Amino acid sequence: MTDATLYGLCGAALVGLGLFGLIVHPQPLRKILAFNLIGGGAFLLFGVVARRGASAGLDGDPVPQALVITGLVVAFAATALAVALLLRLFQETGRATLRSDDSQP
Amino acid sequence: MSLALDVLTILSVSTGAFFFLAGTVGLLRFPDAFSRLHALTKADNLGLGLVVLGLLFQAGGLLAALKLVGAWLLALLAGATITQLIARTARTDRSTM
Amino acid sequence: MAFDIGLAILVLGVAAWTIAARDTFAAVIGFVAYGLLLALVWVRLAAPDVALTEAALGSGLTGGLLLGASTRLARTQGSAAIDKPSAIIRRAAAVLCTLVSAGLGAIVLLLPEPAPTLAPQAAANLAATGLGNPVTAVLMAYRAIDTLLETVVLLLALVGIWSLAPDQLWGGLPGRRYPVDRDGVLTFVAQLLVPVGILVGIYIFWVGSIAPGGEFQGATILAAMWIFATMARLADSPAVSRRWLRLVLVVGPAVFFAIGLAGFAIAGGFLAYPEAHAKLLILTIEVPVTLSIAATLALLVGGPPERALR
Amino acid sequence: MPNSATAGGFLLVLAIVLPIAGALLSLVLGGRHAERVALIVMPTGVVVAVAIAATIWRTHSVLQYFVGNWDPPLGVAFRADGLSAVMIVTAALLICGIGLFARTQFPTPRGVEARASLAFWTLLLAIWGALNAVFIGGDLFNLYVALELLTFAAVPLVSLDGSAETLAAALRYLLFALLGSILYLLGAVLLYGAYGTLDIVLLSSRINAEPAAWAAISLMTAGLLAKAALYPFHLWLPPAHAGAPAPASAMLSGLVVKAPFFIVVRLWFDVMPRVPERTAAQVLGLLGAAAILFGSVVALRQARLKLLIAYSTVAQIGYLFLMFPLAIMPETGHPWNSVAWTGGILQAVSHAFAKAAMFMAAGLIAEALGHDRIAGLSGIGRALPTTVFAFGLGGLSLMGLPPSGGFVAKAMLLTAAVAEGQWWWAVVVLTGGLLAGGYVFLVLAKALADTSQPVTLRSRISQSRQTLAVAVALCAVLLGFVPLRPLELLQIGRPNTAVVDVR
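Chains as they are written, first to last, in the working numbering: chain A, 1467 to 1571; chain B, 311 to 407; chain C, 15 to 324; chain D, 12 to 514.
The shape of chain A in the complex, shown without the other chains:
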């Protein structure tokens, strides 16, 4: 097994871990955290694909690497927006959870 494959499996496991957190954690902040964990795993898979594509004197395929940089920035923006929404919700209601009855106001 190559290093790339090893980290590929690691990325696959991270996705599962994060997904679990996203489903079972009731607090939105923990969901946001879990979303970032999945993101880490997904980006790692990009890195593995890039590493496997090393050729032409490059240590990795630069295209997926660049996609990860774009993805990281987008993920940060998403996190910032989600956190801001959550803090505002907390200011308005004094609670930081999404209750299931929110869908039936």
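If you're looking for bench data, these hints aren't it; they were derived computationally from the structure. If you're wondering where the values come from, they're calculated on a predicted model, not measured in any experiment. Don't be surprised by glycine CBs; every beta carbon is placed ideally from N, CA and C.
The following residues of chain C were derived to be distant from chain A, with all beta-carbon distances above 12 Å:
1) 186
2) 194
3) 206
4) 207
5) 209
6) 213
7) 242
8) 252
9) 257
10) 281
11) 288
12) 291
13) 293
14) 302
15) 323
Derived contacts from chain A toward chain D, CB cut-off under 7 Å, selection only:
16) 1501
17) 1515
18) 1533
19) 1544
20) 1554
21) 1555
Start from chain A and add chains B, C and D according to the hints.
Chains B, C and D alone, transformed into the frame defined by chain A:
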């Protein structure tokens, strides 16, 4: 010559790693914030310092060596500041309790 | 190999702990460690550009944002236990997630050999961009449209965050005013560190055309310095209604669009650069883009206006 | 390098640049000018949209542009086929209608910048640019960026009023959308790892029926379904669409949810055309059927008008996914495939107009009465006849009654279902129509009920806004006059399929 440098590196980095280990054990075992901080600063100052020293023997050129020292100095500065801030917060918390 | 196995196990362990930790604050600390370890993984995967981004943005700035949020939400910890999903849901979720991981893992093992890659094409066209770093070439030339739209994505997120302000605070200053630094420790360090950090940020950006680094990594460091300066009360965030602030935010994407459209005239296509001036044009785009991204990132962390203007 | 751009390819660039440049300009100039910028961009954008459609119609071929003159796979392509053209024109017309309608609700204040109007006009233009980017995206990662652009423009619109309910709705919406994004991204990396490109045309020639492709398409489809709010991922939609201000609801329900649907169509019909899979298509159809029945029944039980319309969106999204089991057949070129396909797309377009008109009407009613409780609607038909007329016209299309686009769309799905021997989908289409008739009449009966005392209106509703709602609803009705056969424009850029005349 390079063998001597390698030996120096191994010695220095190992000693550094020991201080990190000791610092971590201290962080986990010590009873209050102040003594924990005391343990941590050892890891920061000496541990990182020795690791950087060990790596200096392997640095390819002056610029790389300067970057390493720069990283150590920045870590020192950050560590000292954070320690100060944590200690201050801990003291306020204790006095208000 | 042994090092990589150890690192992979450590990453997984920290990730599992981040999910399992009871205390949200502790989980966020775990996440920061997770990000730093991932940065190491990126170095092992020969992707230093991504490693820098992960360390600065994925771990650093995101970590700071989440730490801030978790301290502000600290009082709500107790209510969390009420809404916990039932054991059946948890078990079903565990099964589902295991399946997803196993499926992904199997696909990773089944990936074709030799791996398809665009590295030869990216390398062959590098000269035409005048750049030395192929990752920067992808971001600024081959797939410049992604980068351009991404700068707009950041701005929209900021508009979204600002739009959350209560009406009476609109146009005011974002975020809280940080408490006065009584002993002056933070102020002192900030005075010392912020100039150094700005220098490092500019260097990381500048070196990106030939070596690992680039506008996103540099901008993140600059943004961190802005945030640090406001925390130490060396400066305060400007009011969101300031015209100059809006200009700083928009100048990057605007110049990007302008040079992209100029490409129709000078290089026969949108976002195309004439080979002789490619590097100069890319730098002309990157300087304002770095400035805009730095300001946007810092303000994204700052949040919606919370203090009225005067 | 071969000729990288077809003539007129620059129009595709304009379709993205124009609205987004407008959004940037709004931000710099501030809230006092944002509305004016939008009013300039809107007609220009319509011209660009029509020009794109006309070029495709005239040349009878796909409009293509390689950004920066870099050919795929290294570069990113924009491509517009007949389907893109139809969606681009729909978006342009609807954005204009909604923009004009919103002027009263988000006016430009004198002297100072107002939060809501700056955000609304900036985000309106951003949504438009993002939609166009989705409709012409030829690269799966570029589509991801476009989708994020759309999400970040759409979510803040939900919570413009700043109330706790809408903040919670926006947060829930964002969390679902983020889950969708990450699943989509996972699929994209698998495709790149297996085939070395994310370009749709190149992928379609390289892709094979193998685990990597299946996993990728499943992950991406699941992610897109979360964003499109197909049952059982619909939880976020009703509070978000019902909580947003009426013009924003019209955009969200009419256009924004169509973008992920559009990408699912791209994936299943353009990326994977050589890997037809009936079982998977049947699953999509089943989810669609569940959405139709669940959404319609829940809509019937709503006490508030905007929530009723939002649940109706859940149901109508279901119809979109009925096209998958009917249009994907093992033997390509089955004569009924293109009928079902056209029916599905026509449903997307006519629902866009009909639902936008209904949200506009609901917004006017809520503004006039100060509430939107269905029980308290008595007499509104006499006070605001034009508004209620617009609501009814939109409802016509939802029920699938002639003459309306909804009728043609549902008739096409119905015919294809019967002709292909998949009669169970026909039952669903008919039941859904009946249920839609139920909830539309529920509202109309209340609104037109004869009351002895006249209703007192809280605020006067201008005739022009009511007329705008009717105009948008009329677009849905006019679609009913297109002949009952696959539209030629929609077939441009599709692999050759036999065309049948249903009449």
